[in-house]
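Enquirer: The lines below spell out each chain.
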Amino acid sequence: MLPFTVYFSPDVFFPQNYPLYIRSVPSQNELKFHYTVHTSLDVVEEKVSAVGKSLADQRELYLGLLYPTEDYKVYGYVTNSKVKFVIVVDSSNTSLRDNEIRSMFRKLHNSFTDVMCNPFYNPGDPILSKAFNGIVSGMMVQTS
Amino acid sequence: MADESLFEFLHMEIVSHIFNEQQSGKGEMDNKDRAACISLLEAMGFRVGQGLIERLTRDTPTFKDELDIMKFICKDFWTKVFRRQVDNLRTNHQGTYVLQDNKFALLTQFSAGKQYLDQAPKYLAFSCGVVRGALSNLGLESVVTAEVSVMPSCKCRWNTNT
Chain A
1 MLPFTVYFSP
11 DVFFPQNYPL
21 YIRSVPSQNE
31 LKFHYTVHTS
41 LDVVEEKVSA
51 VGKSLADQRE
61 LYLGLLYPTE
71 DYKVYGYVTN
81 SKVKFVIVVD
91 SSNTSLRDNE
101 IRSMFRKLHN
111 SFTDVMCNPF
121 YNPGDPILSK
131 AFNGIVSGMM
141 VQTS
Chain B
145 MADESLFEFL
155 HMEIVSHIFN
165 EQQSGKGEMD
175 NKDRAACISL
185 LEAMGFRVGQ
195 GLIERLTRDT
205 PTFKDELDIM
215 KFICKDFWTK
225 VFRRQVDNLR
235 TNHQGTYVLQ
245 DNKFALLTQF
255 SAGKQYLDQA
265 PKYLAFSCGV
275 VRGALSNLGL
285 ESVVTAEVSV
295 MPSCKCRWNT
305 NT
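Just so you know, the sequences run in chain order A and B. Under the working numbering, the very last position in the first sequence is 144; numbers go up by exactly one each time. Under the working numbering, the very last position in the second sequence is 306; numbers go up by exactly one each time.
Accuracy of the hints is not assured; some may be wrong.
Unchecked claim - Cut-off 25 Å, straight-line C-alpha distance, at most; resulting in silico cross-link-like pairs (PhoX-like, lysine-lysine):
| hint | chain 1 | residue 1 | chain 2 | residue 2 |
| --- | --- | --- | --- | --- |
| 1 | B | K258 | B | K247 |
| 2 | B | K247 | A | K47 |
| 3 | A | K82 | B | K224 |
Please keep in mind that the hints were generated in silico from the structure rather than gathered at the bench.
Same shape as in the complex, but just chain A (with noise of 0.2 Å):
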């Protein structure tokens, strides 16, 4: 189960956490994942704050582990323009690796950076792009 959301806050003046695109695998219980997702929220911006002020040099856009429940292990990704990606999956599928989940957060950012990019689309809006749909749907079925 996988469910991806991608979450735009521009985060100084307005700060508004809303999804632009959500999806899972099977889509039943999208609204547990929908609830588990805002919660983490809360994790990704304990950690961005963090990163001012550690000295460590913590400068990564991958934001690791957020939180393992019983049933599923959440990690985030911030972008330098404020836009958080996360993932939900399955505690049963320890197959996964960091690496693995670090280079699906690369083709996520890499696939948003294209769609930013697109002059028909208005930052703010959900996102409706057939390529970015396409590359989430392909690291779904290769994950499940």
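Since chain A is already given, all that's left is putting chain B on it; use the hints.
Expert: Quick look at chain B alone, frame taken from chain A:
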């Protein structure tokens, strides 16, 4: 390199197209029309800036604070977009930044002194928009203006306190 002139020509045509469109309805252009054209150009630049910054910051580590962002804008961003290094950056440490480029890429073809000075603002609107779009996507809302006193040098000023 041919790709530099491609954008310069396109930009010149964009500006002249927008101004011609506005003018074709009436005979004279008043200040309100001129302002409308300039804001249209700036809005175009804004969207381009947003997309550009997403691509350019894809591989850079997270920015720690506003100063980091400004350093990025003045070094990497300016170099990639205008193919030159910024000559001078000043700040009053309270949110206002003034950046000076002595040979601004889009103005070099005009003149080397004060000729055509009154036409310059039209050609700076797009670039101001690009900078504003870049800053906005990095989380800083700002107002960006540009002024020219002697071609082709231009001063770009922005205020992040708005």
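Enquirer: Now tell me, hint by hint, if it's right for this structure.
Expert: Results of checking the hints against the structure:
1. Among the hinted pairs, K258 of chain B with K247 of chain B is consistent with the structure: their alpha-carbon atoms are about 14 Å apart, no more than 25 Å.
2. Restraint check for K247 of chain B and K47 of chain A: the C-alpha separation of about 42 Å exceeds 25 Å, so the hint is violated.
3. A distance of roughly 22 Å separates the Cα atoms of K82 of chain A and K224 of chain B; the hinted pair therefore holds under the 25 Å criterion.
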